[in-house]
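Visitor: These protein sequence lines map, in sequence, to chains A and B.
Number 241 in the numbering used here belongs to position 235 of the first sequence; there are no gaps in the numbering.
Number 44 in the numbering used here belongs to position 38 of the second sequence; there are no gaps in the numbering.
Bear in mind the hints are in silico, worked out from the structure with no lab data behind them.
Source: prediction; values computed, not measured.
Careful, some of the hints might be misleading.
Each pair may be met inside one copy or between any two copies, as identical chains are not told apart.
Stated by the list, open to error - List time: in silico DSS-like cross-link candidates among lysine-lysine, alpha-carbon distance up to 30 Å: (1) Lys327 / Lys53; (2) Lys360 / Lys96; (3) Lys327 / Lys213; (4) Lys373 / Lys282; (5) Lys360 / Lys33; (6) Lys264 / Lys404; (7) Lys110 / Lys342; (8) Lys327 / Lys214; (9) Lys404 / Lys373; (10) Lys132 / Lys250; (11) Lys404 / Lys382; (12) Lys149 / Lys360; (13) Lys332 / Lys132; (14) Lys8 / Lys332; (15) Lys382 / Lys131; (16) Lys65 / Lys285; (17) Lys404 / Lys378; (18) Lys340 / Lys110; (19) Lys282 / Lys53.
Protein chains: 2
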Amino acid sequence: MKIIDGNITNVKGFSAVGRAVGIKKGKLDLGVIYSDRICNASAVYTKNSVKGAPLIVTKEHLENGKAQAIVINSGIANVCTGEKGINDAKQMCELVAKENNIDKENVLVASTGLIGAYLPMEKIKKGVIGIKKDLADVIHNPKTCNIAEAILTTDLVKKEICVKEDNFTIAGIAKGSGMIHPNMATMLAFVCTDAEIPCEKLDAMLKKAVTNSFNMITIDMDTSTSDMCIVMANGYAGRVNNEKFQNALNFVCTELAKKIAKDGEGATKLMEVYVKNAKDETSAKILAKSVVCSNLVKCAVYGNDPNWGRILCALGNTGIKFDAEKINVYFESKSKDDKNVENETIVKNEIIVKNGVTANFDYEKIKEIMCKEELKIIIDMQSGNCSATAYGCDMTEKYIEINAHYHT
Amino acid sequence: MKIIDGNITNVKGFSAVGRAVGIKKGKLDLGVIYSDRICNASAVYTKNSVKGAPLIVTKEHLENGKAQAIVINSGIANVCTGEKGINDAKQMCELVAKENNIDKENVLVASTGLIGAYLPMEKIKKGVIGIKKDLADVIHNPKTCNIAEAILTTDLVKKEICVKEDNFTIAGIAKGSGMIHPNMATMLAFVCTDAEIPCEKLDAMLKKAVTNSFNMITIDMDTSTSDMCIVMANGYAGRVNNEKFQNALNFVCTELAKKIAKDGEGATKLMEVYVKNAKDETSAKILAKSVVCSNLVKCAVYGNDPNWGRILCALGNTGIKFDAEKINVYFESKSKDDKNVENETIVKNEIIVKNGVTANFDYEKIKEIMCKEELKIIIDMQSGNCSATAYGCDMTEKYIEINAHYHT
Numbered sequence: 007m008k009i010i011d012g013n014i015t016n017v018k019g020f021s022a023v024g025r026a027v028g029i030k031k032g033k034l035d036l037g038v039i040y041s042d043r044i045c046n047a048s049a050v051y052t053k054n055s056v057k058g059a060p061l062i063v064t065k066e067h068l069e070n071g072k073a074q075a076i077v078i079n080s081g082i083a084n085v086c087t088g089e090k091g092i093n094d095a096k097q098m099c100e101l102v103a104k105e106n107n108i109d110k111e112n113v114l115v116a117s118t119g120l121i122g123a124y125l126p127m128e129k130i131k132k133g134v135i136g137i138k139k140d141l142a143d144v145i146h147n148p149k150t151c152n153i154a155e156a157i158l159t160t161d162l163v164k165k166e167i168c169v170k171e172d173n174f175t176i177a178g179i180a181k182g183s184g185m186i187h188p189n190m191a192t193m194l195a196f197v198c199t200d201a202e203i204p205c206e207k208l209d210a211m212l213k214k215a216v217t218n219s220f221n222m223i224t225i226d227m228d229t230s231t232s233d234m235c236i237v238m239a240n241g242y243a244g245r246v247n248n249e250k251f252q253n254a255l256n257f258v259c260t261e262l263a264k265k266i267a268k269d270g271e272g273a274t275k276l277m278e279v280y281v282k283n284a285k286d287e288t289s290a291k292i293l294a295k296s297v298v299c300s301n302l303v304k305c306a307v308y309g310n311d312p313n314w315g316r317i318l319c320a321l322g323n324t325g326i327k328f329d330a331e332k333i334n335v336y337f338e339s340k341s342k343d344d345k346n347v348e349n350e351t352i353v354k355n356e357i358i359v360k361n362g363v364t365a366n367f368d369y370e371k372i373k374e375i376m377c378k379e380e381l382k383i384i385i386d387m388q389s390g391n392c393s394a395t396a397y398g399c400d401m402t403e404k405y406i407e408i409n410a411h412y413h414t
Numbered sequence: 007m008k009i010i011d012g013n014i015t016n017v018k019g020f021s022a023v024g025r026a027v028g029i030k031k032g033k034l035d036l037g038v039i040y041s042d043r044i045c046n047a048s049a050v051y052t053k054n055s056v057k058g059a060p061l062i063v064t065k066e067h068l069e070n071g072k073a074q075a076i077v078i079n080s081g082i083a084n085v086c087t088g089e090k091g092i093n094d095a096k097q098m099c100e101l102v103a104k105e106n107n108i109d110k111e112n113v114l115v116a117s118t119g120l121i122g123a124y125l126p127m128e129k130i131k132k133g134v135i136g137i138k139k140d141l142a143d144v145i146h147n148p149k150t151c152n153i154a155e156a157i158l159t160t161d162l163v164k165k166e167i168c169v170k171e172d173n174f175t176i177a178g179i180a181k182g183s184g185m186i187h188p189n190m191a192t193m194l195a196f197v198c199t200d201a202e203i204p205c206e207k208l209d210a211m212l213k214k215a216v217t218n219s220f221n222m223i224t225i226d227m228d229t230s231t232s233d234m235c236i237v238m239a240n241g242y243a244g245r246v247n248n249e250k251f252q253n254a255l256n257f258v259c260t261e262l263a264k265k266i267a268k269d270g271e272g273a274t275k276l277m278e279v280y281v282k283n284a285k286d287e288t289s290a291k292i293l294a295k296s297v298v299c300s301n302l303v304k305c306a307v308y309g310n311d312p313n314w315g316r317i318l319c320a321l322g323n324t325g326i327k328f329d330a331e332k333i334n335v336y337f338e339s340k341s342k343d344d345k346n347v348e349n350e351t352i353v354k355n356e357i358i359v360k361n362g363v364t365a366n367f368d369y370e371k372i373k374e375i376m377c378k379e380e381l382k383i384i385i386d387m388q389s390g391n392c393s394a395t396a397y398g399c400d401m402t403e404k405y406i407e408i409n410a411h412y413h414t
């Protein structure tokens, strides 16, 4: 597997573009992903029981496991908008279908932004005109593909990745940095591949990939009403090795998830919590998530404070039974050595807790580890052989500022 | 029932004092509650699976349902301290028993503060000497009772209440404002009454009171390793009306819980979430707690922003099935009218959401309601007749400051 400097447009048969149609002032706010032939497609959705209109329409259009395009807008989430919202989402699909001369049932739709507001359909109608030509043009110059920007809300950086393995390519984009004001909800991810994968297989593989990636990140524990991850496979590359495809899909989803976590609202660093030697996988996941979710751990990580009591407390809060006297905790950082000409990655690792009590660590050494951009907290339960990793970020004054002081 | 300006020492047979013994620099850090005769006693404890040493010793001493004194220290929590921690907690009981010439098995113990550190037993040993005289003196001048201060950690205000009903008096103190640095964990509450209540009855009544009070508050969702609520009943007042006693106990616990919520780390206001007309009590509780726990709702309340999308999102996150199109949301504030000579309480109430969509409210009116010190969010599920209230506070930059920048 090789990471390449590319995007969705580098996957055979796919093209994607972003446009500024006026939903947000002067910013890219509409995107279309298009395949020149019908794809097998699969999706996973938010578990929030309040669901957005685009999600309902996408689910309907995906019932047959086929899709050819996705239309996405940012700025307005089209959630809590009743029947009008459903009709607007359907119309977005129709507009893109008509423009590209494809079946409207094969167009999926996603929206992210303000809850409770209606989409400006006139602007979208005008905005879609001519997008067919853009989609054709971008293929000749994949580097100009700007869709990753068009789907952002309060995200600070675009999130995309492209990998090649064997005979196939797989690329994805994502957005999400918390549920932020004014209700800029939603984590969205779109993955495209030229691999040939039957529908049922694609469903199973996506579920598996999402379980260990997007479902293991948390910014502030609020699951949005519009979360969605879609994968489209157009089959141009022909049959692929299943295991290698699953690995590549896992990798793409995990990398996108980490990019989302790192870009969490107000975050200064990525926090990775790795629980190992737990008695079973479910408890490993619950334990890892509880630590990555704890406001107090997040604040300590921000302050470069090795406050291990908060980590043990978060583990204890899960209700999972464990022997606290067996727990070891390590902090690990990865950073680039700027002084080194080869720009190597340096890994530093220190033990914080040994058998449930302080390991009498050197504060200065730990602070040096904690002040890097990526902190890995390794928790060894010493009570089995299962493991899980959860991703999140630290919590800062900026998070409060973003979520309290920008008004509806 | 009448609230009186008093404390534990106003309950017949009880006295309580605080002292500065040197665990914290120059601050009150040790307290003793004493009854001149043996009480029926009951307690509820943290559900965190990592439990502090004082909790283990108190549980052991309470097995027979009898107690005569409680010794409490602040500054060090005596958690994650192994066998030495257990011995230290036992020794605290012995010291207080010896000083007061009572059975050490009838002394309970609670600690709050730093996790992972040992108690300075020499200081505590010296500090307990002469406390018997203080306990006798304070009865003549109940207003000098300072124990409510001695149990505080980062709390800003002391929390105490005393009520009279029929023939009995009931008074309590509490501490807690989050799990704060350096791991100043713990919510503690101690309630004393002269009512005569059999042990089993007292157990049941305390559980009932705690379920709807302390178990319905949240500052940051982290359950500490040392949370504890103890009630002692010495029987001086003789038999009491059960219903009236339960009501008084509920009231005392709820008032203390609200005081804790209002004093949450960095909080500027109390947030009360009242879910009504839910299909059952369990779901009413889960829904109310989910809203009061949401970082995003807490930030919006801080910013006086009527961001109702976040409230619906928090409800949806519970996994409880409901019809979003039936939900009404109201904001209500209570405030004193300073201009009015009688200092009346003014209640203002506005509808925010009607049947799941915006009620087209007046922003300025809502902001006027939101900027008061106490905000009640009323959520009408319109799908049953059960209700629940959860208590919490808003989330501010100060919370981050307290939890990130004061170092271990």
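Visitor: Compare the structure with each hint and give your call.
Guide: Quick rundown of the hints versus the structure:
1. Lys327 / Lys53: both (27 Å within a copy, 11 Å between copies)
2. Lys360 / Lys96: between (57 Å within a copy, 25 Å between copies)
3. Lys327 / Lys213: both (28 Å within a copy, 23 Å between copies)
4. Lys373 / Lys282: within (23 Å within a copy, 48 Å between copies)
5. Lys360 / Lys33: Neither: 51 Å inside a copy, 33 Å across copies.
6. Lys264 / Lys404: both (20 Å within a copy, 28 Å between copies)
7. Lys110 / Lys342: neither (48 Å within a copy, 59 Å between copies)
8. Lys327 / Lys214: Classified as both; 26 Å inside a copy, 26 Å across copies.
9. Lys404 / Lys373: For Lys404 and Lys373, both the intra-copy (22 Å) and inter-copy (23 Å) Cα distances are at most 30 Å.
10. Lys132 / Lys250: neither (42 Å within a copy, 69 Å between copies)
11. Lys404 / Lys382: both (22 Å within a copy, 26 Å between copies)
12. Lys149 / Lys360: Neither. Shortest intra-copy (50 Å) and inter-copy (48 Å) distances fail the 30 Å Cα cut-off.
13. Lys332 / Lys132: neither (63 Å within a copy, 36 Å between copies)
14. Lys8 / Lys332: Neither: 39 Å inside a chain and 51 Å across chains, both beyond 30 Å.
15. Lys382 / Lys131: For Lys382 and Lys131, the Cα distance exceeds 30 Å both inside one copy (47 Å) and across copies (43 Å).
16. Lys65 / Lys285: Classified as between: cross-chain Cα gap 29 Å, same-chain 36 Å, threshold 30 Å.
17. Lys404 / Lys378: both (18 Å within a copy, 24 Å between copies)
18. Lys340 / Lys110: neither (47 Å within a copy, 53 Å between copies)
19. Lys282 / Lys53: Result: close both inside a copy and across copies, 27 Å intra and 24 Å inter.
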